[in-house]
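**Student:** Work out the full structure: start from the sequences and follow the hints.
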Amino acid sequence: MHHASLEQIQATSSPRVEGRLNAYFAFTALVLVLFAPSRLAYVSALVCFVALGVDAAGRDYLTVVRLPVYFLLPSLLLVVLFTSGSTALAFGPFSVSWAGLDRSLTTGLRSIGSITILSYLIVTTTVPQLVAALQSLRCPRFVIDVSLLTYRAIQILLTELARLELAATGRLGFRTRRTTLRTSKSLAFSLFLKSLSRAEALNDAMLARGYDGKLPSATTASRGHSYVAVVLGCIAIAGWSL
Amino acid sequence: MHIMEGFLPGFWALVWYGIAAPVVCYGTVKTARIARDQSMTKAHVAVAAAFIFVLSALKMPSVTGSTSHPTGTGISVVLFGPAVTAFLSTLVLLYQALLLGHGGLTTLGANVTSMGIVGPLVGWLVFRSLRPYTDLQKATFGAAVVADWTTYLVTSLQLALAFPAEPGVSGVVDSAVTFAGVFSVTQLPVGIVEGALAAGLMSYIAMS
Amino acid sequence: MIETEELRFRHGDERVLDGVNFTAKAGEVTVIFGRNGAGKSTLLRHFNGLLEPDSGTVFVGGDPVAYDDDSLTDLRRRVGLVFQNPDDQLVAPTVEQDVAFGPRNAGVDEPERIDRVLSEFDLDSQTERLCNTLSGGEKKRVSLAGVLAMEPEYVLLDEPTAGLDGTGCRAIGQFVESLTDAGITPIIATHDVGFGLTVADTVTVLDGGVIDYRGDTLPRSLADRYGLRQYVFESWTAPDGDLS
Amino acid sequence: MIETEELRFRHGDERVLDGVNFTAKAGEVTVIFGRNGAGKSTLLRHFNGLLEPDSGTVFVGGDPVAYDDDSLTDLRRRVGLVFQNPDDQLVAPTVEQDVAFGPRNAGVDEPERIDRVLSEFDLDSQTERLCNTLSGGEKKRVSLAGVLAMEPEYVLLDEPTAGLDGTGCRAIGQFVESLTDAGITPIIATHDVGFGLTVADTVTVLDGGVIDYRGDTLPRSLADRYGLRQYVFESWTAPDGDLS
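Chains as they are written, first to last, in this note's numbering: chain A, 1 to 242; chain B, 1 to 208; chain C, 1 to 244; chain D, 1 to 244.
Which residues of chain C face chain A? A few of them, derived with a C-beta cut under 8 Å, are:
| # | residue |
| --- | --- |
| 1 | ARG77 |
| 2 | VAL91 |
| 3 | MET150 |
Pulled from the structure, derived: some chain D residues nowhere near chain B, Cβ distances all over 10 Å:
| # | residue |
| --- | --- |
| 4 | GLY19 |
| 5 | ASN21 |
| 6 | GLU28 |
| 7 | SER41 |
| 8 | PHE59 |
| 9 | PRO64 |
| 10 | ASP69 |
| 11 | ALA106 |
| 12 | ASP109 |
| 13 | GLU112 |
| 14 | SER125 |
| 15 | LYS139 |
| 16 | ALA162 |
| 17 | ARG170 |
| 18 | PHE175 |
| 19 | ARG214 |
If you are wondering where the hints come from, they were derived from the structure by calculation, not from laboratory data. Predicted model, so just to flag it, every value in this text is computed and none were measured. Beta carbons are placed, not taken as given, at the ideal position from N, Cα and C, and that holds for glycine.
**Tutor:** And the structure:
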């Protein structure tokens, strides 16, 4: 997934829940799913957050969800294959146990349910909004400031990397495996140097504007409490009562 | 290689948060103390974390078909030491989850333990023990390769503890061997490529 | 008034400033011309205390600059610096956060002031946008807004027209005019003779580490001697008005 | 000869190129004028296959550009692109490594060629220096050398005078002349009218995603309409020669 496009997705998404509340909402949903004793909680999270995500960001949401799922499948397959227990299926040298199937189903559903929540958070909430949520949870000032500055520095360095990659492509830098490794080493070093000068520039820019050790933070009003109550209620009821 | 969001059961997610938290707190306090000094300000700390993040976006030669990405923690531990690396890696893993969907928030503790703490620590020990006998470039190569491989071994163990083949120690061992064996197909060459990248980078840095 | 007295500054082995005696009167537009690498940026950075001279003194409003933390904080509120490259200047992730950065550092939390500045620069609808998704022109506007939000007495502009086309240059020209109208004193470092002469009340040239010329305008022969831009004179011989 | 036929390219929702029909004859200096954001860089990047058009065709030397790996490698060896900012272009740590970067990737290992190019650009004594310790002017020279080391047939220059003073602009002008003398065809994108007219054999204007004007030179009235730089005309009324 491309970074720049993510920011466009965030800029154009229109979530039902806004502000710090949205971050708390997603965090709480993740924790509920993590500890819910019933798989129904995972399914209800999946349904609710796919609906909320598609509603907020359309097809872009599905693109974000898809990538982690590709990573998930091989690990699930392993879990199915090696978990011992009474045999459910056998083909050639492989046999699959009931316990393995059960465990994979649980893990797979929990993971996909959680991924839909994380992806929802990704497409609807910018990093500054998330950091504002952390801040109101009394996270130390140092961590808050460094997090915001890191995000800005990531933006800058990714842009620089994209330009360097373009230049290197124009000069045949990624033509073969060997040239790719050599080019990557060079680009890593160029980025390192740019990092150093960026750090100086960032520090100068902050000093020039009277920085005394605190960054201002985002303030978007929270909205959508009813959606939060309904979704979290669904997950909790599905997880503990049914 | 990160563990996906929601993949670990609640118990194990908590356990790894419990193990990672004190180390990351120590790393944070130590980094904050360094950042009070004029030579390495908050801006420097932030850019260092951003640098490690962006390293993972570098195009690398493909191994076994898929493109690979360096974790950058081997380079980080050689440049900044293990305590600062623990803090920086936490930031990096957080942003990888929030910006790229790699890893996750519930599995952050587990991923920080493997990629931000144990891997770099072992890599750092390798660097310190190699350095008196060889040049910077080779020592960095060793540190980065070992940090990468250790990270993936720890990840295999984390998965095995959560998903043992059968109850008991031997079940965990069986699972760990299976996970490690399957992941080794990609992770062994990725570690070597990352080592080559780190060594090249350090030799350039040493020139400057 | 910003003045310097025998200002000297070394960067490594190189004497960048070698006894600069500079004056910029309050209420006037002062332009510092000089070729690439003449030390214009270095001089500007002395005016708001980002750099401390090896010897010599900087006076702002008649008082010598002191380099303790409190004095510097106060100085930087009074003297705003607009960097050449907005990417070097934008420190916060979003537009609103960046514009509010300076005032909040100064302990001023007046949302109305931020809103007013944002709307002056036509950024009202962009407040939540991330700085790296902005176009070059938008970044420039955010960087100017961020400095003006501190309500400074002086604004230092470092190569404000670098990379801008005619429309962009004109906009910067109008911005400079609006500064003097608002009682703010602009000091501009540039090698762009065309732009500089359009806005300048007083012209100085920095060359070889000293102020080499001061006057109301810059004679053409000098522009050439100082390696400034004047390409256009030699070349543009096309007749005017032959197309619409 | 580089030509395009009805070239269209979108960036997100924006139509950057909207049916561009462009021609640059071999052996001539072609200058593409256009305001900031007019799509000049986007057009140049189609000439060496860094961008693939949404529709339309690019012809280089009469043949349509193909986008398989081998054809692109060949194309990029023939068409060199010099970026506006050398910092974006210098990819290797040292001067020698950067100049040799393109040829080595192309599988050419001729140290003599690199040495020759290095000495043409007066860089013989700098080969082991790290690129980040170079001055702005030196970086520009390395970036030009790195492109010429590939022995291209065409050299694309993107805003070559951005941020340069008069001395720097004149040097770029001489460089362009030396290209045509060596049988290399330069294509230049710029909003700098003064520089562009000095070097151009053919002038085209890119505006609104299409080629809006083509001729030998650019009438003043048009420069203004297209938002190009011509500040200097309105402003420079100072008498010449009143100071040595």
